Amino acid sequence: MCPFPDEVLERVLSLIDSHKDRSSVSLVCKDWYNAERWSRRHVFIGNCYSVSPEIVAARFPRIRSVTLKGKPRFSDFNLVPEDWGADVHPWLSVFATAYPFLEELRLKRMAISDESLEFLATNFQGFKSLSLLSCDGFSTDGLKAIATHCKNLTEFDIQENGIDDLGGHWLSCFPETLTSLQVLNFASLNSEVSFEALEKLISRSKSLRVLKVNRNISLDQLQKLLLHAPQLIELGTGTFMQELVSDPIKDLKNTFGNCKKLVTLSGLWDATPLYLPVIYPACVNLTFLNLSYATLRSGELANLLSHCKNLRRLWLLDTVGDKGLEAVGSSCPLLEELRVFPADPFDQEIFLGVTESGFVSVSHGCPKLRYVLYFCRQMTNAAVATIARNCPDFTHFRLCIMNPGQPDYLTKQPMDEAFGSIVKTCTKLQRLAVSGLLTDRTFEYIGKYSKNLETLSIAFAGSSDLGMEYVMGGCPKLRKLEIRDCPFGNAALLSGLTKYESMRSLWMSACNVTMNGCEVLAKERPRLNVEVMKDEDGDGSQAHKVYVYRTVAGPRRDAPPFVITL
Amino acid sequence: MSVPLEHDYIGLSDASSLERSSESSNISSDSETNNVLNLKATELRLGLPGFAKNSEENATKFAHVKNFMSGAKRGFSDVNLDGSGKWALNGGSEADLGKASSVLFSPRSGINGGLEKNQVQQSISPPNIEEKKKEHVTGNGALPSAKAQVVGWPPIRSFRKNTMATNLSKGGGDAAAEGSSGGGGCLYVKVSMDGAPYLRKIDLKIYHNYLELSKALEKMFSCFTLGQCTSSGLRGREGICESKLKDLLHGSECVLTYEDKDGDWMLVGDVPWEMFIDSCKRLRIMKGSEAIGLAPRSMEKCKNKN
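Chains A and B, in that order, are what the protein sequence lines are.
Per the numbering used here, the very first residue in the first sequence carries number -6; after that it's consecutive.
Per the numbering used here, the very first residue in the second sequence carries number 50; after that it's consecutive.
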């Protein structure tokens, strides 16, 4: 019997934000379950097909904010055909009745049409915050609808979507009466917007915290915008290269210096040594610097980083080379996250970029490193062992040796020991992506040692079913497993029989799984959706792409013809 | 003028450039464009990038080398698309550059560039380079067998992929076959400096005005000026500061000239930039006695200095 009146309990529980905590709360007893469901304002749905909008609406009557994720992550790399699904419209239809006061919608890898955007804009009067990441199916016309109708908009965050960019007119659709904007991100939209409209919008948005413009905005224009918004906390610049008639570098420097609250800086397209120094006055406060679209070299980077002592997160292009990474190691002792992207990932004949030595340098200078994404063309077991020793706190370790199945380039051995050293040393590891030549031994290590692993990505690795069996037999906290091009077959698939219901999803493509194997899995576990994507060519017995996920909503009703749910 | 001879001094002729072009990982196909190959001819890269720690040390001895940014592609092809004038050798990394400079200025530097390459590689690089080098130099101008591209690998998101591809075609200075804007996209001309042991090549299209061009040339040829300074014992100073360098370059001793379509040698700066690009065939930095008296500007500086 619960001693607290419902109102008190609800009030207390309303202070809990973490959805994991809330899940735990809801399991305590019936009263707590109810109090929790009435007090919840935000719902996070990691797989849109794991539950139906009706079920969500029935359980949580007072939602104001929804986060929805749709397609499997490998859809980012073109492994999922178009029209696979994850359409947001069924959700919006239900929400229009259940949550007319919905304020926030955050979508990742969902399909959303212009009609849906218009529906959203016109059916939710208090709608404030839209974030679209890696979504597709819409055009800038849909954005126009949002801009036009959402009178209380605070956030407009459009990132890296498969968008049909028909022009920049959407920006001019923000009404003159809109003054509440706090977040405006159109960095990944390519069309030019009206600078006049943008400048006016910025100058009347006194609460603007985050501004990320696209590449078409010049330095001169950026200067003007920053004069209107010195209160910015996050800034994404436009292009950092232009021919200047006069020399406003001093002005630009002053302007950046005036942005005292700036902690995040990105954009910096085409940054050159000529203009890069204008950001120096702002660097001392930066905690996140995203240079992953700036083709800097080591010298420029070193100069820049000497001003950035407080950096926690740094994203780079591999044009900075190992030497640039040495500068990272020596300038950024507080660094927690490093991502190094390849400037030219598809030119296989090139031997530029970073190597194991750059990574090692960083690990020496940045012992607090916990998140790394590293694209390289060569690596050694010894180097990774050193890195693990230097940075035992890794929570996210994503190493991509770009040539599939490449061994330790010095010893010619598989890279098993590298990942072995990571999982043995870094006990807090939550996310791991492996690459290079790997035998089943790697997975033996992973299964045995990684007690906290939640997400595992495997490609072109393993020798036999054993590899996957090791993982399914260990890794108690595994939630997401994505595998491509590995020699894992039905035995491997079925070794996870008892595990899949505790996981969010499993993806296997170009492995050795057959339809039979999938059918067995589906039969044994009716609460899983076992979806197979048909391959155009090839015989019908091979299961080319398999996507398995737990669900309370049953098989999905919107599956396209090429998706078979077993 | 000794320029053509000096061009051969370190063994980089057009013939050997073809071999070297196969090393360059930048050409995705047999580049027909002479521009690309000729650029290769002047390339100082002697080996594969990324492995030369020792050469990096050598490089630091010559601080100016840092300015010789390697031609990392934005995506990347031959020339740095940096419009501010920081252009570079193509195809190599800074490490290569370091190697190159160490070859040029170290007592070991020989005339046979090919031989030097082997020496440098053996002393610096890990064993793997040999293998890779073989892989590289398979036939003149021909690329090593291209591996089939795998769908969705490496795992890069579309936005980034497309952006990098755009970088390739942007800027107009790109000479690579893939994604380039075609022959009209670049304009390579030779740049010679009197007294320098080798020529350089630059893409005029990546500059927008004379200022950028002169800044770029300054940086590119500052090493030779530096050498001159120390060798002539100019006040015996340790590090010569940038302003002095500028003076030297812009001063009474240097004049920038170009050869136009008619074969005449003209003073740079008289005509509008667009017209200049249109007619410029090669550049020459005149120094010493030939220069004095040619440019009115230089006369003034002469007077000012005295």
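These are computed hints drawn from the structure, not numbers from a lab.
All values derive from a computational prediction rather than experimental measurement.
A virtual CB, placed ideally from N, CA and C, is assigned to each residue, including glycine.
You may find that some hints are simply not true.
Stated by the list, open to error - PhoX-like mimics (lysine-lysine), calculated; alpha carbons at most 25 Å apart, straight line:
{"no.": "1", "chain 1": "A", "residue 1": "Lys516", "chain 2": "A", "residue 2": "Lys441"}
{"no.": "2", "chain 1": "B", "residue 1": "Lys264", "chain 2": "A", "residue 2": "Lys243"}
{"no.": "3", "chain 1": "B", "residue 1": "Lys264", "chain 2": "B", "residue 2": "Lys210"}
{"no.": "4", "chain 1": "B", "residue 1": "Lys210", "chain 2": "A", "residue 2": "Lys101"}
{"no.": "5", "chain 1": "A", "residue 1": "Lys217", "chain 2": "A", "residue 2": "Lys199"}
{"no.": "6", "chain 1": "A", "residue 1": "Lys101", "chain 2": "A", "residue 2": "Lys441"}
{"no.": "7", "chain 1": "A", "residue 1": "Lys361", "chain 2": "A", "residue 2": "Lys492"}
{"no.": "8", "chain 1": "A", "residue 1": "Lys246", "chain 2": "B", "residue 2": "Lys310"}
{"no.": "9", "chain 1": "A", "residue 1": "Lys473", "chain 2": "A", "residue 2": "Lys13"}
Said to hold, decoys possible - Heads up, incomplete: computed chain B residues facing chain A, CB under 8 Å, no partners named:
{"no.": "10", "residue": "Gln198"}
{"no.": "11", "residue": "Tyr247"}
{"no.": "12", "residue": "Tyr259"}
| Looking at the structure, which of the earlier hints fail to hold? | Numbers 1, 3, 6, 7, 8, 11, 12, in rising order.
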